[in-house]
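Residue numbers (numbering that gives the first Met the number 0), protein chains in the order written: chain A, 0 to 292; chain B, 0 to 292; chain C, 0 to 292; chain D, 0 to 292.
Since the hints were made in silico from the structure, they are not lab data. Keep in mind the model is a prediction, meaning the values are calculated, not measured. Take these hints with a grain of salt, some might be off.
Pairs count within a copy or across copies, as identical chains cannot be separated in the list.
Claimed, not checked - Using 30 Å as the maximum straight-line C-alpha spacing, the simulated DSSO-like pairs for lysine-lysine come out as follows:
| id | residue 1 | residue 2 |
| --- | --- | --- |
| 1 | 250 | 143 |
| 2 | 137 | 291 |
| 3 | 250 | 232 |
| 4 | 137 | 232 |
| 5 | 84 | 291 |
| 6 | 20 | 232 |
| 7 | 250 | 84 |
| 8 | 238 | 250 |
4 protein chains.
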Amino acid sequence: MRIGFLGLGNMGTGMAGNLIKGGHDVTVWNRSADAARPLAEQGATVAAKPADAATGADVLHSMLANDAAVREVILDSGVLDALPKGAVHVNHATISVALAQELIEAHEKRGLGYVAAPVFGRPEVAAAGNLNVVASGKPDAVAKVQPLLELIGQKVWPMGDDPIRATIVKIGGNFLIGAAIESMAEATTLTRAHGVSAADFLDVMSNSLFASPIYKIYGGMIAAQTYTPAAFKLSLGFKDIGLARAAADAKRVPMPFASVLHDALLESLAAGDGELDFSGLARVAGARARLKD
Amino acid sequence: MRIGFLGLGNMGTGMAGNLIKGGHDVTVWNRSADAARPLAEQGATVAAKPADAATGADVLHSMLANDAAVREVILDSGVLDALPKGAVHVNHATISVALAQELIEAHEKRGLGYVAAPVFGRPEVAAAGNLNVVASGKPDAVAKVQPLLELIGQKVWPMGDDPIRATIVKIGGNFLIGAAIESMAEATTLTRAHGVSAADFLDVMSNSLFASPIYKIYGGMIAAQTYTPAAFKLSLGFKDIGLARAAADAKRVPMPFASVLHDALLESLAAGDGELDFSGLARVAGARARLKD
Amino acid sequence: MRIGFLGLGNMGTGMAGNLIKGGHDVTVWNRSADAARPLAEQGATVAAKPADAATGADVLHSMLANDAAVREVILDSGVLDALPKGAVHVNHATISVALAQELIEAHEKRGLGYVAAPVFGRPEVAAAGNLNVVASGKPDAVAKVQPLLELIGQKVWPMGDDPIRATIVKIGGNFLIGAAIESMAEATTLTRAHGVSAADFLDVMSNSLFASPIYKIYGGMIAAQTYTPAAFKLSLGFKDIGLARAAADAKRVPMPFASVLHDALLESLAAGDGELDFSGLARVAGARARLKD
Amino acid sequence: MRIGFLGLGNMGTGMAGNLIKGGHDVTVWNRSADAARPLAEQGATVAAKPADAATGADVLHSMLANDAAVREVILDSGVLDALPKGAVHVNHATISVALAQELIEAHEKRGLGYVAAPVFGRPEVAAAGNLNVVASGKPDAVAKVQPLLELIGQKVWPMGDDPIRATIVKIGGNFLIGAAIESMAEATTLTRAHGVSAADFLDVMSNSLFASPIYKIYGGMIAAQTYTPAAFKLSLGFKDIGLARAAADAKRVPMPFASVLHDALLESLAAGDGELDFSGLARVAGARARLKD
């Protein structure tokens, strides 16, 4: 199929690469052209502007940083008008429920398909094509892109016909990650204060009751008290907890853990830790108890 | 070895049974004698009072409900005076750091060994001898009971020579469980408000990023919104979060998630949900958002 | 002086009335014209649209509901272009710091003065000209409107030359009011649970340590558990706590009380209490403890 | 009347002095005898031990530091057995509801009257006899001591016939004080971050909407960022918030503000600020936002 791909960050590059490996004709675009080079070497066509990647595409994928980028690149730069009627846009970005609603209407108005397909996984997982993909949208649109989603993910989780559903599952999932980090931060601060290192405590937990990727990966960084390099930046975690809180506010859902997380993340940012990995949030709990790092 | 075992609740019965299966000479005691019968049939001697189970024992195990029970049965009923000098007491109960400190001194004074060996796992896991056992105490004492701990657990996690260490690891672990439940409660309330059932959301989470026993077991109950029968009662979860908060207060460790958990658990108890499973805490988040069950 | 006045809600009507009583030539505008009638009878000219009230005015006052209304009426309807160069706009509304910054620039660009002059007080206080007015802006602009502010308020609190200053003082003040309400709500729920009515407890507090207007007025409604008629709606309190949280986020200021307030207000709104007085927030604390009203 | 007075701290000394000035025959006792000297010079008899101050007394007042001191001095040192049948004990200390219940029973058993009469006010207020006294107990017992309470306080607030009532009113009042301090701490951190000093902001608030002793006294210290000398120590504030939380737990009353206060106070103590005035709690909010003092 003829595929357009917008957004070649550390996630998008791997995802687009797997579509190329899958034998598809892929035209890529990225704000800074350099990011496109490695994909060009793999056979991708490089577009000068977003709309060029959309022109004539059967399917347009986008993996953009946040609401602002999606608004600018998808809604304000003529991309949707460049897409052939009947084409499907697959949005992999983590965005707000409010923007998702806007996108649904913008696509419907133009007779375009819209599939929300946010992904769980880090850059190396994206490169390996082993992401967890959560997808929802009109059945025919989802059916059309299903083979492409399978090139990107080890598993595709169908979430029904409303794109809002996959959008909120991704937001809820990122909140769960943040809550797990704060939970480990508080628990290890408690055990450290009583003489048990974060490493000793988390070794037990993440290999027994909590033996799962999130507790192993983030717990490993907390155990080592090493928060660089950042696989997922704390400042992005702050943005995602904000998406959860906005979605909660819209439906009048009190989320006290999200509020505590928000306040702890604000303290991290005030301390200048925004560029650390999300797990660097653990520094706040230790600092509040005045434990030495 | 000659073993005494005090406390035959739904956990203790399985644990004592595995010591008998291991070929040891086990004398059991329980407040209500009926609980002892099945073990008597497996070959256990039944003691009339705690001290009788301690007399002549090489090792005394106890699996009692809480601080009050441990204080009454171990400290106030002559058990420690009945134990032969050099005997080792293995305490499997989840108790406060303050009481653990008292127990350490009471044993030392009498030339008795004290090993803190709290366990993670539910009754059926205890019966199968597959618990996760966290153990700490003087090396010689731990070495002496190691073969017994291996009969009880699929794995024994050594935590060093201070019984406080295993005690706080257990307290920290139970806090992590409570925090995971509240996290899932808030996340599923958010997704439900946006049209995604708790079951659909948790199916993705507990089979990908959070594929671990805690998220599967408690998440399963939250997904089904079915909180009986209780494998671990909400009222006991409230007690354990209290142990975490007391240990945190003693060392001046702020734990905002523990505070939120405490307030949510108070609301559960006010609503009359104390007899539900710990995961029943999830009802509070839904009620606050005024979602229909 | 020739004065324009935009926004004749239950606050603005009283404020404009006092400017007329002061002998000024006042032209008023309100979205629904009916609200202008009583002022017309007092001698005000009624404008058909906002810009008409601005044309030829020495000073333009506005008392609008929220950011959206200020944006629409002041920024998007030609009002600033209708004001004579050198005229001063006095904004009495409680708005966000971000919008205040926009307004400062929009006025500067046009050679207009901008004075932030939010007010504390309820409608009857506004009618009596006894508001507390907090004012900041360029010295010459403030000096020009000082006599007018004194017609509106019993006291004008000078806050310096940056309009942001009065803006944040008002936001901080409204947060203090919300925090006082939640504090009384929790304290009275505690005393009620132990047999002391809210009325008995607040009678002591609001006549001794806390003898101040806020504790007397809001405490009186909490004591009576009567939250209508609403002098200041709970839904507006929610909006104002949002302004505080946005201003806090912008400067990385963690405000855990504001987060608790936000979650309690969300629960009030979920319960359908948005039209109650702000003090109706107290119903949440009682409901969480399952106390009968 | 023959009066015994136990506990001559900076509050008790002033209170006992006013009973002497009232023409009563007062026998005083204090753990460290030195504190009794100034009162001896005013005409008090000095007792060697608590029971001696109780022997033959018509009324026994006690103003002790906390639950532990009350338990030791009143319950464990024979004081109640030394009091003549029919005598009344007036307890001015701030104690837990649980201990108050114990005291009620201990007095009833011995045919003694028990009046809970906690006081609001600082040492200088106590010396001037201008405290606010909250009193509850059996009508005859209260009637008997009413003239004495009027020597101590500018106003006596009758709370009915159950001593628990005055006890919980005091606990609730101290919670309100702590909540007001945290509220001012967060509000001033917000305004400081936007360029308005704590002094400028609190000058407006504590002289308008919040014109009351608590906001003026504690607000004054926050405005000056000067937290010594301590009129009421932060460590005592931590103790009193603990009393509120224990009373709330006993009745299943969630108090999220009390939980936030507890966590902030723990951070103050971890930072070594326990000896500062209660208002020193404000340092935590500023530190979390990384504002320079």
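Hints versus structure:
1. 250 with 143: Classified as neither: same-chain Cα gap 32 Å, cross-chain 46 Å, threshold 30 Å.
2. 137 with 291: Only across copies: residue 137 and residue 291 sit 28 Å apart there, 54 Å inside one copy, limit 30 Å.
3. 250 with 232: both (28 Å within a copy, 19 Å between copies)
4. 137 with 232: neither (33 Å within a copy, 42 Å between copies)
5. 84 with 291: neither (60 Å within a copy, 41 Å between copies)
6. 20 with 232: within (29 Å within a copy, 52 Å between copies)
7. 250 with 84: neither (34 Å within a copy, 45 Å between copies)
8. 238 with 250: Both. Shortest intra-copy (19 Å) and inter-copy (15 Å) distances satisfy the 30 Å Cα cut-off.
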